[in-house]
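**Student:** Here is how the chains run, residue by residue.
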Amino acid sequence: MDWTVIVMQLFTGLSLGMLYVMLALGLSIIFGLLTVVNFAHGAMYMWGAYAGVSIVAITGNFWLALIITPLVIGGYGLVVERGLIRPLYGRDINYPLLLTFGLQFIMIEIVRIFWGTSDQPFSSPDLLSAPIEMFGVFYFPSYRLFVIVVTIVICSVLWFFLEKTNLGLVIRAGTRDSLMVRALGIDMNRIWWLVFGIGSALAGIAGILASPIRSVFPEMGIAMLVECFVVVVVGGMGSLKGAILSGIIMGEAIAITTLFYPPMADIVIFLVMAVVLLVRPSGLFGRAGLLE
Amino acid sequence: MSEIKKKKVKGGKGMNRRTFLKTTGMAAGTMVFGGFHFVRHTQAASGPFKVGFPIPLTGPYGTEAKDQQAGAELAIAEINANGGVLGRKVELVVRDTKLKAAEAARRAKELLEAEKVELMSGCLSASNQLAVNQLAKEHGVPYVSVSQANEITQRQDNSVYTYHEAMNPHMTTQAVGEWVGKNFGKRWYYLTSDYAYGWQMTDGFKRKGKEFGAVDVGETKHPLGTSDYSSYMPRILAAKPDVLLLNNFGKDQLNSIKQATAFGLKKKMQLICPIILMSARIGAGWEAYDGVAGGTSFDWGLDIPTSKKFVSAFQKMHGRPPIDYAGYAYGGIKELLMAIGRAGSQDSVAIAEAIENRKYDNYKGNQWWRPCDHQSQQDVFIVRSKKDTAKYDVFEHVATVSGENERLLRTCVEVGMNPNKPVRTGLKK
Numbered sequence: 001m002d003w004t005v006i007v008m009q010l011f012t013g014l015s016l017g018m019l020y021v022m023l024a025l026g027l028s029i030i031f032g033l034l035t036v037v038n039f040a041h042g043a044m045y046m047w048g049a050y051a052g053v054s055i056v057a058i059t060g061n062f063w064l065a066l067i068i069t070p071l072v073i074g075g076y077g078l079v080v081e082r083g084l085i086r087p088l089y090g091r092d093i094n095y096p097l098l099l100t101f102g103l104q105f106i107m108i109e110i111v112r113i114f115w116g117t118s119d120q121p122f123s124s125p126d127l128l129s130a131p132i133e134m135f136g137v138f139y140f141p142s143y144r145l146f147v148i149v150v151t152i153v154i155c156s157v158l159w160f161f162l163e164k165t166n167l168g169l170v171i172r173a174g175t176r177d178s179l180m181v182r183a184l185g186i187d188m189n190r191i192w193w194l195v196f197g198i199g200s201a202l203a204g205i206a207g208i209l210a211s212p213i214r215s216v217f218p219e220m221g222i223a224m225l226v227e228c229f230v231v232v233v234v235g236g237m238g239s240l241k242g243a244i245l246s247g248i249i250m251g252e253a254i255a256i257t258t259l260f261y262p263p264m265a266d267i268v269i270f271l272v273m274a275v276v277l278l279v280r281p282s283g284l285f286g287r288a289g290l291l292e
Numbered sequence: 001m002s003e004i005k006k007k008k009v010k011g012g013k014g015m016n017r018r019t020f021l022k023t024t025g026m027a028a029g030t031m032v033f034g035g036f037h038f039v040r041h042t043q044a045a046s047g048p049f050k051v052g053f054p055i056p057l058t059g060p061y062g063t064e065a066k067d068q069q070a071g072a073e074l075a076i077a078e079i080n081a082n083g084g085v086l087g088r089k090v091e092l093v094v095r096d097t098k099l100k101a102a103e104a105a106r107r108a109k110e111l112l113e114a115e116k117v118e119l120m121s122g123c124l125s126a127s128n129q130l131a132v133n134q135l136a137k138e139h140g141v142p143y144v145s146v147s148q149a150n151e152i153t154q155r156q157d158n159s160v161y162t163y164h165e166a167m168n169p170h171m172t173t174q175a176v177g178e179w180v181g182k183n184f185g186k187r188w189y190y191l192t193s194d195y196a197y198g199w200q201m202t203d204g205f206k207r208k209g210k211e212f213g214a215v216d217v218g219e220t221k222h223p224l225g226t227s228d229y230s231s232y233m234p235r236i237l238a239a240k241p242d243v244l245l246l247n248n249f250g251k252d253q254l255n256s257i258k259q260a261t262a263f264g265l266k267k268k269m270q271l272i273c274p275i276i277l278m279s280a281r282i283g284a285g286w287e288a289y290d291g292v293a294g295g296t297s298f299d300w301g302l303d304i305p306t307s308k309k310f311v312s313a314f315q316k317m318h319g320r321p322p323i324d325y326a327g328y329a330y331g332g333i334k335e336l337l338m339a340i341g342r343a344g345s346q347d348s349v350a351i352a353e354a355i356e357n358r359k360y361d362n363y364k365g366n367q368w369w370r371p372c373d374h375q376s377q378q379d380v381f382i383v384r385s386k387k388d389t390a391k392y393d394v395f396e397h398v399a400t401v402s403g404e405n406e407r408l409l410r411t412c413v414e415v416g417m418n419p420n421k422p423v424r425t426g427l428k429k
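Residue numbers (the working numbering), protein chains in the order written: chain A, 1 to 292; chain B, 1 to 429.
Hints were generated in silico from the structure; no laboratory data involved.
In this text, all values refer to a predicted model and were calculated from it rather than measured experimentally.
Ideal Cβ placement from N, Cα and C applies to all residues, glycine included.
You may find that some hints are simply not true.
Said to hold, decoys possible - Listed next, with one range per pair, are the computed distances between beta-carbon atoms:
| id | chain 1 | residue 1 | chain 2 | residue 2 | range |
| --- | --- | --- | --- | --- | --- |
| 1 | A | G116 | B | N183 | 54 to 62 Å |
| 2 | B | Y195 | A | F114 | 30 to 38 Å |
| 3 | B | D290 | A | G116 | 21 to 29 Å |
| 4 | B | Q315 | A | R172 | 54 to 62 Å |
Unchecked claim - To list a few chain B residues with every Cβ distance to chain A over 12 Å, as calculated:
| id | residue |
| --- | --- |
| 5 | E73 |
| 6 | N366 |
| 7 | P422 |
As the list claims (entries may be wrong) - Partner residues aside, some chain A positions facing chain B, computed with beta carbon under 8 Å:
| id | residue |
| --- | --- |
| 8 | S123 |
| 9 | S129 |
| 10 | E163 |
| 11 | R214 |
| 12 | P262 |
The shape of chain A in the complex, shown without the other chains:
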């Protein structure tokens, strides 16, 4: 097999992994801080795609949609946290899990009612529609490169926010010991509220970014959510570093498997999960005892 095929395959794996990273980040940050297993995350992703479709339909501008969509979905996340999740804090972890599980079906049904069940067309912006030549040997879709770049930028911004700002410090401290942070006079409710909004916004961006690549339909988030849970579990529940690394590992695992034995591509991520959990039961970067 030609080495260019392998290099190209690694690239497709990277771009595939980036979608996982983007979605898993939101899932992981919400879990890390709120210990909410957000089953509505896939539906948020789907809403992000539909928000993108609608904004592009109205304005005809993909770039505008890329900016507005996370704001809309993030704003919706704030409403959900304030109205639905907050009353459940302090209860068993299953309460918000069941709530968001139900919420996702409501969200899917709303889309079915207003947009119907068929696929919505969504093309990549003209600027990014042509494949570009890489190192003079193979072609790669420019849009996928763009997705890789956007994900790197967002991860960097998120890292900077969490590591270098005061608010980030509070969030990190809250992940470790929220009782202690509250004892220091910080209103953790506001922090949780904000974090849920950020997590939702990330799902929204992932949704619109995925739309020119995959089909947009009401159940698009369900399969994606399952895969992202696997990514988060492998990375370690609540770990951002873990979500990023594991997202990329999964993308590459799928790409390499496809090259050699496609029928395995569907289940390879579960195999990786099984192996990782055997060696490290709380994931690559997970803290033990978070779920107990």
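Following the hints, put chain B in place on chain A, whose structure we already have.
**Tutor:** Just chain B now, kept in the frame of chain A:
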């Protein structure tokens, strides 16, 4: 039998002469054909005439399934407007198979035993069809299959109850392969959905390709319901094919074409789908499908009188033109209901005799029921995707491959049937 008849005559205050005649007719029919099996039907012969319709509403073929339902609804509305079947109103009972054979079997059992449907149709996948066909056979209920499968008309699965209105992978690839072989290069690559539909399409193209000296330069199989095809692209590009045959369906077709276009495959090769779907084309947008060609059983733009009639009625009922799979459901269900009407009874042999050898034109020009296996012979249309000039105007019609004289069908002997006799296997004694 006569006891039931008596009971009905005695107790039936509302029974008019017609119903009486029909009941007697049916009784006579039983005696003639010696079938015990339709005692059950006579007992059920009150209330609406139910048509069971298990389809994969959720899953990768959901969009097409919705259109199957829309086509079935139109057929039934038209039959009801003409007085129904055997004097009874027809009712469609839809169930979701989730595209799983086991689920299809469960739903079909429920339809046959709890809903007591008297005609089965539906399904959109060979494995689902075969499961439903098996149950329909066991219950002695006719099943008109409205999606592609090769096996359904083969000896093992076929029966007097089985009717296949849709095209099958063999005839599709014979027709599309012929057109591709004449018009494009000789290096063919196959992207195959890894189950019966994909295998049979790929197999059919490989066989047809040999006639044109086509070289098989590679094949990649992908699991059903794959959403990201990027990792399949490098290998396809490396094989340098002239033609890429995408033997997949529904959202899989949509996603693979959308992504193949993004990877610039169209600059290097012609993309061909055995069945190019209007539903997927609309879901993907014109840029993705631009220039992609393939076969179809029906396109709403066909210049055929019955097609125009069907399209305008469908448009009136559903506010959009029908896709090919709406056509199958419409044509198949209407055909069977009309046959039951003509037979004047629900005896399986009488229904079969009302259909076999019949030339008909319900919505797509001439079709013909082959007696030996109940396969519908029909033309295959070749269309190419273009930029929409109006909503839903997405394909240009480039060729019609005639299906006449069984030229696209396997012979009766090839499917394991007797060419000189109509199929009577599975008949309940």
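**Student:** Closer than 8 Å between Cβ atoms is the bar; does S123 of chain A clear it against chain B? Give me holds or violated.
**Tutor:** Cβ of S123 of chain A sits 5 Å from chain B, so the hint holds.
**Student:** Please check whether Y195 of chain B and F114 of chain A have a Cβ separation lying inside 30 to 38 Å.
**Tutor:** The hint (30 to 38 Å, Cβ to Cβ) holds, given that Y195 of chain B and F114 of chain A are roughly 33 Å apart.
**Student:** Cβ-Cβ distance between D290 of chain B and G116 of chain A: within 21 to 29 Å?
**Tutor:** With a Cβ separation near 24 Å, D290 of chain B and G116 of chain A satisfy 21 to 29 Å, so the hint holds.
**Student:** With chain B as the partner, please determine if R214 of chain A meets the hint condition of a C-beta pair closer than 8 Å.
**Tutor:** Holds - the Cβ of R214 of chain A comes within 8 Å of chain B, reaching about 5 Å at its closest.
**Student:** Is the claim that P422 of chain B lies outside the interface with chain A correct, judged by CB distances over 12 Å?
**Tutor:** holds, 40 Å
**Student:** In terms of Cβ atoms, is chain A entirely out of 12 Å range of N366 of chain B?
**Tutor:** holds, 31 Å
**Student:** Holds or violated: 54 to 62 Å for the Cβ distance of Q315 of chain B and R172 of chain A?
**Tutor:** holds, 60 Å
**Student:** Taking the beta carbons of G116 of chain A and N183 of chain B, is their distance inside 54 to 62 Å?
**Tutor:** violated, 36 Å
**Student:** At a threshold of 8 Å, is the proposed contact between P262 of chain A and chain B supported by beta-carbon distances?
**Tutor:** holds, 5 Å
**Student:** Grab the minimum C-beta distance from S129 of chain A to chain B and call the hint holds if it beats 8 Å, violated otherwise.
**Tutor:** holds, 7 Å
**Student:** Using the nearest Cβ pair, does E163 of chain A come within less than 8 Å of chain B?
**Tutor:** Result: violated, 32 Å to nearest chain B Cβ.
**Student:** Just checking, E73 of chain B versus chain A, shortest CB gap more than 12 Å?
**Tutor:** holds, 16 Å
When the structure is compared with the earlier hints, violations turn up for hints 1 and 10 and for no others.
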